[in-house]
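Peer 1: Protein sequence lines correspond, in order, to chains A and B.
Numbering (this note's numbering) for the first sequence: 1 to 489.
Numbering (this note's numbering) for the second sequence: 1 to 489.
Treat the hints as calculated values from the structure; they're not laboratory data.
Ideal placement from N, C-alpha and C gives every residue a C-beta, glycine not left out.
Treat the hints loosely; a few may be bogus.
Said to hold, decoys possible - Listed next, the stretches of chain B that the computed footprint assigns to chain A, with coverage defined by at least 3 CB atoms under 8 angstroms from CB atoms of chain A:
no.: 1; segment: 194-207
no.: 2; segment: 438-450
Claimed, not checked - Cross-link-like lysine-lysine pairs, in silico, BS3-like; alpha carbons within 30 angstroms at most:
no.: 3; chain 1: B; residue 1: K458; chain 2: A; residue 2: K180
no.: 4; chain 1: A; residue 1: K180; chain 2: B; residue 2: K419
no.: 5; chain 1: A; residue 1: K487; chain 2: B; residue 2: K458
no.: 6; chain 1: B; residue 1: K487; chain 2: A; residue 2: K419
no.: 7; chain 1: A; residue 1: K195; chain 2: B; residue 2: K419
Protein chains: 2
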Amino acid sequence: MSQRSKYELVMRLALERGFFMPSSEIYGDAPAGFWDYGPLGVSLKNRFIELWRRELVKRDDMLEIDGAQILSKSVFKASGHLESFVDPIAKCSKCRAIYRLDKLIEEKTGIHVPERASLEDMKKIIEEHGIRCGRCGGELTDFSHFNMMFRIGVGVAELDAYLRPETCQSIFIDFMRIYKTMRRKLPFAIAQVGKSFRNEISPRQGLLRMREFYQAEIEVFFNPKKANVFAKADPILDYKLRLQPIGEDSVKDISCRDALNSGLISSKLVAYYLALIQQFYEKAGIPREKIRLRELDEDERAFYAAEAWDLEVETSLGWIELVACNNRGEHDLGGHEKLSGQEMTVLDDGERVLPNVFELSMGIDRSLYCILENSLHLVNDRIVLKLPPYLAPIQAAVLPLLSREPFTDEAMSVYRSLKQDFDVVYDESGSIGRRYARYDEVGVPMDITIDHQTLEDKTVTIRFRDSTIQLRVRESDLRNFLRDHLKVG
Amino acid sequence: MSQRSKYELVMRLALERGFFMPSSEIYGDAPAGFWDYGPLGVSLKNRFIELWRRELVKRDDMLEIDGAQILSKSVFKASGHLESFVDPIAKCSKCRAIYRLDKLIEEKTGIHVPERASLEDMKKIIEEHGIRCGRCGGELTDFSHFNMMFRIGVGVAELDAYLRPETCQSIFIDFMRIYKTMRRKLPFAIAQVGKSFRNEISPRQGLLRMREFYQAEIEVFFNPKKANVFAKADPILDYKLRLQPIGEDSVKDISCRDALNSGLISSKLVAYYLALIQQFYEKAGIPREKIRLRELDEDERAFYAAEAWDLEVETSLGWIELVACNNRGEHDLGGHEKLSGQEMTVLDDGERVLPNVFELSMGIDRSLYCILENSLHLVNDRIVLKLPPYLAPIQAAVLPLLSREPFTDEAMSVYRSLKQDFDVVYDESGSIGRRYARYDEVGVPMDITIDHQTLEDKTVTIRFRDSTIQLRVRESDLRNFLRDHLKVG
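Extracted from the complex, chain A is given alone in its bound form (with noise of 0.2 angstroms):
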């Protein structure tokens, strides 16, 4: 199949079988850029999560939080975003259509736009290359920055503040109490897992920009003296990342110890986590020749970063990024130290430090967008959804092989001593091959068929989604057989 019609049988497969869909689509005035997950894109989405929580936050002893969405004007003076979370706009003079300025520019004359470009250098580019209006031909006009927060009103009053557009703020904020109360020493970590929103000029392409969004973010707290000093390291030093630094435009597979050693890599720290991240998404089932951690120069990076990675995986619409990890040193907790007036200093062996924050923010949505892609294949041109068995949102379909008694009855037993631990479904509609079709589709990674011999000897068929082997197991050892076969790898 062509590489564009990957995208289409993805967001196809997930409106017809209820991963996800665009929100408020019944009404006319729906805003682009949100979306809903159905019932299989929830629990897709529970499991990565579970997935992350497993082998990212517990596997690292971090501690995780959820904090508001809606958080006061201060915390955004602080961490800059008022001021530098904008974008570079214009309107044409004549229809009214807004465009993205560095986009624009891009688009039409293949000219990188710098993070830091002003509004004069592109009002010029503009000017010599004669851009104009795409729709109508008009002259662009009212060059102006648009803050992507959304501003909330809190009150009678309406007060200033703001939907967060990153969750890490919340991480910031909290850092000086959850220190305390956790009684943690550096270096630690705490992560969150929640909604971000960003009012994007231009949201497309489904779960890739979207306009409110789950991020999983880490906040790794440090010494910046003791990045190197890092013995959790040793055990991944032989672990090969995929690493694209800059000034280079292929991947070199290298091992963390070689990354730094020639320093490509700035210290231990930094290579745990990017191992750390690396590993996790060939858990989720990204093949590991499609996932590179890319070097992002300063024209690239994000306001606040000092240093920064792209964990990205590569689609059919090019490579994707998932991950920023970045090291945003001192922004975050002095900038709110600063503001806030509150102590964000610490001791680390009886010195005073304002520690330093690398981190690994992740998006959750593209994130399932890219594994849905992968793990979607065509057998015989039917889908086969080859999610790990861990992730896959139905865990067995519960079958019997006629849709009559005492067939039906066997097997309505079987799915409800199940049901409450396992998610599990009952179908008897349709042939045994269509339901087995139909539940391959979804990526469900084994059918318990109830069939003539389990009348006699209550064993069950259990038919895998990938090899299509058949073998019989007990009714009362499924629970157990469910519980092996979905275990993390």
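Dock chain B against the given chain A, drawing on the hints supplied.
Peer 2: Below, chain B without anything else, positioned relative to chain A:
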């Protein structure tokens, strides 16, 4: 201890041990009514949601979705929120203090103001009773209705959208797609857990009245002619509900069957879901004598409800509403069908039906408060938090008897073997008695102590929080032992 102090004990525990804390607390402009969950709160909340999924969603074969929080203006035109989700307010003409009129009148005169009272009615009462500003004695003015939804401006043009004031609107607007893609028949339910937002005029009392809060909502779609043809209810007919019908001032312990026969409950469908929700709170550790289902009279009901029962729990602050069980009738699908022009009827045994809705709308944050308060016991003047083991945020503490090798090494290795599959902590600081107390206080159901005998025979001491009974378990059996003791009863 006094009742008042129980609330304070919970709040202090929450702040000092990382359950929850005010959001943006380091800033003076932090808006009231926003809270962050700390590490123990996140874990407690996740387990509570898992229990809800197990005992309601999965038990009843419901479908779960997760919709966007920002919805189009049309959604709230159709739902009636734009017009009716308002509080009556007035301002002081001198100091500009703002009052919620119905509450102010109730406080000053004891008169209960019905939901549907007009501003004129309230103004009259204010004048008759000479009610003035409580702060400065000024005259009240600017009588108006204040809409409690937060408005959002989407895109550069700032088109009107709103943060949802209840999660269920996502369910109603997605109803038809879910119904079709998931191939269901009436009656069936769609569930959702997520954030809702209300611009409360005076948020108060921690998690009890927040501006941003978690709801877990269940919307049951049914054919109104068949609310009594409902075989699923048969197994619960003998289950005793704690009912307080309209006009009664005490609670009756009455079986579903008797409540149906005597007409206290309108249908088997309603009886079944009331039973499910009451059973859920019993499993969540609330003693049944502290639970009641109070029927609301017309004056108290939400603007869309034709029949309403509140599940309330008794606390030191009085009875607190945790779940609104509303018969919303045709209000929702009818309203959206009318405004969107999209068909919302479905075929039920050959008949076209506009499904009616019965809902269980649960407040998660306040439920957690009630569970914490109910679990909090003082034993010899120290707090023991007697949470059901399956709700405990930390499931076991791994403690070396002495804080030196080889105890610490052995304990660390036990901790490492458990930490990815369980929520466990490792702690070597302080006497063993002090550590037991530290974890009793946050509800850890079991401590695992590595002592002298462990070094000889690889068994550990398990100490139970509530009984303080101790027993020995082989290290190799620990996983199964924990799993068994953390099962939902």
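Peer 1: Against this structure, judge whether each hint is valid.
Peer 2: Structure-based check of each hint:
no. : hint                : result
1   : 194-207             : holds (count 4)
2   : 438-450             : violated (count 0)
3   : K458(B) <-> K180(A) : violated (35 angstroms)
4   : K180(A) <-> K419(B) : holds (22 angstroms)
5   : K487(A) <-> K458(B) : holds (26 angstroms)
6   : K487(B) <-> K419(A) : holds (15 angstroms)
7   : K195(A) <-> K419(B) : holds (27 angstroms)
Hint violations for this structure: numbers 2, 3, all remaining hints satisfied.
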